[in-house]
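Chemist: Letter by letter, the chains look like this.
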Amino acid sequence: MRRRRVRPPLLIGAAIAGIVVVAALVSLAFDPYEVTRPVIVDRFLRPSLAHPLGTDHNGRDVFLMTLLGARSALYVALVSVLVGAAVGVPAGLFAAARGGVPGEAAMRAGDILFAFPALVTAAMIAAVFGPSATGAALAIGVFNVPVFARLARAGGLALMGRDFILAARLAGKRMPRVVAEHVLPNVAGVLVVEGATLTGFGILAEAGLSFVGLGTQSPMPSWGRMLYETQTMIPLAPHLVLPGVVVIVAVIGFNMLGDGINDALDPRLGPA
Amino acid sequence: MPLLAVERLAVAIGGTPVLEDVSLALEPGRVLGLVGESGSGKSMTALAVMGLLPPGAVATGSIRLAGRELVGLPERAWTGVRGGAVGLVFQEPMTALNPLMTISAQVAEAVVRHTRHPRRTALLDARALLARVGLPEADVPASRYPHQLSGGQRQRVVIAMAIAARPRLLIADEPTSALDVLVQAEILDLLGTIVREDGTAMILVSHDLGVVAGLADAIAVMERGRIVETGPAPQILTSTAYPHTRRLIAAARLPAEPKIAPVKQGVPLVEARDLVRAYPLRRAGLLAPRRSLRAVDGVSFDVRPGESVGLVGASGSGKSTLARLVLGLDRPDAGTVRVAGLDPAAPHRRARAGRLVQAVFQDPASSFDPRHRVGRIVAEPLHTLNEVGPAERRDRAAAALARVGLGPEALDRYPHEFSGGQRQRIAIARAIIVEPKLVVADEPVSALDVSLRGQILDLLADLGARLGIAYLFISHDLAVVRSVTTRVMVMQAGRVVESGSTGRVLAAPEHPYTRLLVARAPDIDAVLARRRAAAP
Chain A
19 MRRRRVRPPL LIGAAIAGIV VVAALVSLAF DPYEVTRPVI VDRFLRPSLA
69 HPLGTDHNGR DVFLMTLLGA RSALYVALVS VLVGAAVGVP AGLFAAARGG
119 VPGEAAMRAG DILFAFPALV TAAMIAAVFG PSATGAALAI GVFNVPVFAR
169 LARAGGLALM GRDFILAARL AGKRMPRVVA EHVLPNVAGV LVVEGATLTG
219 FGILAEAGLS FVGLGTQSPM PSWGRMLYET QTMIPLAPHL VLPGVVVIVA
269 VIGFNMLGDG INDALDPRLG PA
Chain B
41 MPLLAVERLA VAIGGTPVLE DVSLALEPGR VLGLVGESGS GKSMTALAVM
91 GLLPPGAVAT GSIRLAGREL VGLPERAWTG VRGGAVGLVF QEPMTALNPL
141 MTISAQVAEA VVRHTRHPRR TALLDARALL ARVGLPEADV PASRYPHQLS
191 GGQRQRVVIA MAIAARPRLL IADEPTSALD VLVQAEILDL LGTIVREDGT
241 AMILVSHDLG VVAGLADAIA VMERGRIVET GPAPQILTST AYPHTRRLIA
291 AARLPAEPKI APVKQGVPLV EARDLVRAYP LRRAGLLAPR RSLRAVDGVS
341 FDVRPGESVG LVGASGSGKS TLARLVLGLD RPDAGTVRVA GLDPAAPHRR
391 ARAGRLVQAV FQDPASSFDP RHRVGRIVAE PLHTLNEVGP AERRDRAAAA
441 LARVGLGPEA LDRYPHEFSG GQRQRIAIAR AIIVEPKLVV ADEPVSALDV
491 SLRGQILDLL ADLGARLGIA YLFISHDLAV VRSVTTRVMV MQAGRVVESG
541 STGRVLAAPE HPYTRLLVAR APDIDAVLAR RRAAAP
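These protein sequence lines map, in sequence, to chains A and B.
According to the working numbering, the stretch in the first sequence is residues 19 to 290, in order.
According to the working numbering, the stretch in the second sequence is residues 41 to 576, in order.
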């Protein structure tokens, strides 16, 4: 047996995703400046030992703000993925197992959801309930539902005709149990891959929604709102562009993680 | 000078030799049968001649095609050989065809790539080729896509592509293994006609001597990467002294005597009455009437306890649909089926029915959840017995495995670690663990090498006798059914056209369709008799 070589994209993606998660965790415990409180006298400080990435127009530490921003980004991204998976995967598996009119109906309902862009949905939720991070997460999550549903259905359909599903039914197992024992574990791989990729998308969407004021609310920092607040001051203090760079790197990182897991799971690609 | 001369060919993958000292010679217009069990190196030999060895494989020795050395040829040069001087026919026609191209376009592409004909006339050439392989425009429009054809028709398209460039050598690797008996005979006839008319040489690779016997002029027998015997076909088939070859011949010649005693008495275990199962077909147009395909069309039969009944027919005759009805995996549109008085498809009865009826499926690769270990797989039917704890499950799984000849160490391994024959044993262990009254065996040996068929059939017959299991034994091959059933039903287009004792139906078939099935079964003795009659 040849050992599978871990491919660079998986390593890089996992490292970036790991850094984002660690940053969010660190922000929970490490806050020496009470960072969300403005200290106007310290504004626009260049990077120094006290403020490794300088301060913004309100004198807040950019490094610590960015750490806190990771928390907002991950919160919205993970909730959106969990919402999407929690609704989409059962719906997709139901459509695959049941087929016929109920299955079709479930999938068409997903198509209707798919027709609303996440940003529009978020704007609607914000208009009704007021803007919030959770609202943004739900809006993006709604958009994720049909993505997971389609994946789960496609994977499920490919398995439903296999003889081991028939054997499980012959053993007297009811359909929900057959799906839980035999179908879900066999499609879990693709779902995890999609989850990683959609987490990246969720981070981007959170930044976008917060940029237009529909996402994470003040005083909790968010990468998107940090960029919005400081966009006119970047010529003055170039270090304030950091949140934008962080968003790009995080999105690419989660995408690479998804692709890397996909390659690692797909035996056809094998070691090159 | 022979057309193809392979001398001392050796192939190693990652330092492990897979072929050693293989030498072959083939004259134009002759057919070489390359036979052996799975893993004997016959396909690897064919791949080497086609320059399609897997990455990392190193070939040494010599392969000369019409005097041109092929070993060490760069990949660019191979493209002119493959499909040009050498035509290829693979086992699975669906994967050999592009699903998004019409059949005429695919054949035309092969014409354009390998001849100097312009694209305009290539389509006409393609039509002619399709007509030649038995797909005339009138019957099968050239604008069809592969998925609209049957397996045999698809294989004909592949053959049309293979002969598009008028190759001097055809390589057919298990060209009929995915096809049923009647279609197999037709495809072999077609290949024979091409060889005769074009003077093409052909290498016919198969695990089944019965397939090779009818066409081959010479036969080379392979075992563990070497050619162990080679010679003129009649000589090899009738008077070989080599034990491995004798085993292969014995395997292709299934025992004629049933090993199961007929059962007369008893209340029927399975009662099927006027079963109908129809599938709606897509409407031809918006206002066209909705039509349906009657896959099972008014079938009635009984199976008595401990009795073994065969169900024979070509693919698409409805046998598998009938099996699903008996298993309760599908519901009939009309008619009833009862197993021990129960409706197998009634949800609240499933638990009990599951202990009465089990199944062994055709494809050992798709029979098991790849993520479960064998112990869990075999014990799955125990699921309905709540009183059976984990330790007892394991014991019973081990006992079931022992019954099929596998040791307890198999419990903790994964199905992909086993060979095809072993996997089919695991499938049988799963079926018998609840000691069912009826086992539906749907083509249980057609995915296996002929050399394994006999073993699995013996095992089934033996378990049936010892555990008092009744079988509904489904196969497209009458010869397979012969050794394990006492009664047989022949299905055609959803109906049972003939039924009776297996011996009588095989010896004196009454329905023309049955007669055809009997006549076209690949049977070494029949082939030899035909060859003797044809010999001058």
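Rather than coming from a laboratory, the hints here were simulated on the basis of the structure.
Predicted model only: the values in this text are computed from it and were never measured.
In this text, a Cβ means the ideal position worked out from N, Cα and C, and glycines have one as well.
It is possible that some hints are incorrect.
Unchecked claim - In silico contact screen, one side only, chain A against chain B (beta carbon under 7 angstroms); selected entries:
#1 ARG168
#2 LEU169
#3 LEU184
#4 GLY190
#5 LYS191
#6 ALA198
#7 GLY207
#8 TYR246
#9 GLU247
#10 GLN249
Chemist: If a hint holds in the structure, say so; if it does not, say that too.
Modeler: We went through each hint and held it up to the structure:
1. Among the interface hints, the one on A:ARG168 is violated; its C-beta lies about 21 angstroms from the nearest C-beta in chain B, farther than the 7 angstroms criterion.
2. Hint status for A:LEU169 relative to chain B: violated, with the closest Cβ pair at about 18 angstroms, above 7 angstroms.
3. Satisfaction of the interface hint for A:LEU184 is found here, the shortest Cβ-Cβ separation to chain B being roughly 6 angstroms, below the 7 angstroms cut-off.
4. Using the Cβ-Cβ criterion of 7 angstroms, the hint placing A:GLY190 at the interface with chain B is satisfied: the shortest such distance is roughly 3 angstroms.
5. With 7 angstroms as the threshold, the beta carbon of A:LYS191 comes within range of chain B, its nearest partner Cβ sitting at about 6 angstroms, so the hint holds.
6. Among the interface hints, the one on A:ALA198 is violated; its C-beta lies about 12 angstroms from the nearest C-beta in chain B, farther than the 7 angstroms criterion.
7. Taken as an interface hint, A:GLY207 does not check out: its beta carbon lies about 10 angstroms from the nearest beta carbon of chain B, beyond 7 angstroms.
8. Given hint, A:TYR246 at the interface with chain B, is violated; its Cβ is 47 angstroms from that chain's nearest Cβ, farther than 7 angstroms.
9. Of the supplied interface hints, the one on A:GLU247 is violated, with its beta-carbon coming no nearer than about 50 angstroms to a beta-carbon of chain B, more than 7 angstroms.
10. For A:GLN249, the shortest C-beta to C-beta distance to chain B is roughly 48 angstroms, which exceeds 7 angstroms, and the interface hint is violated.
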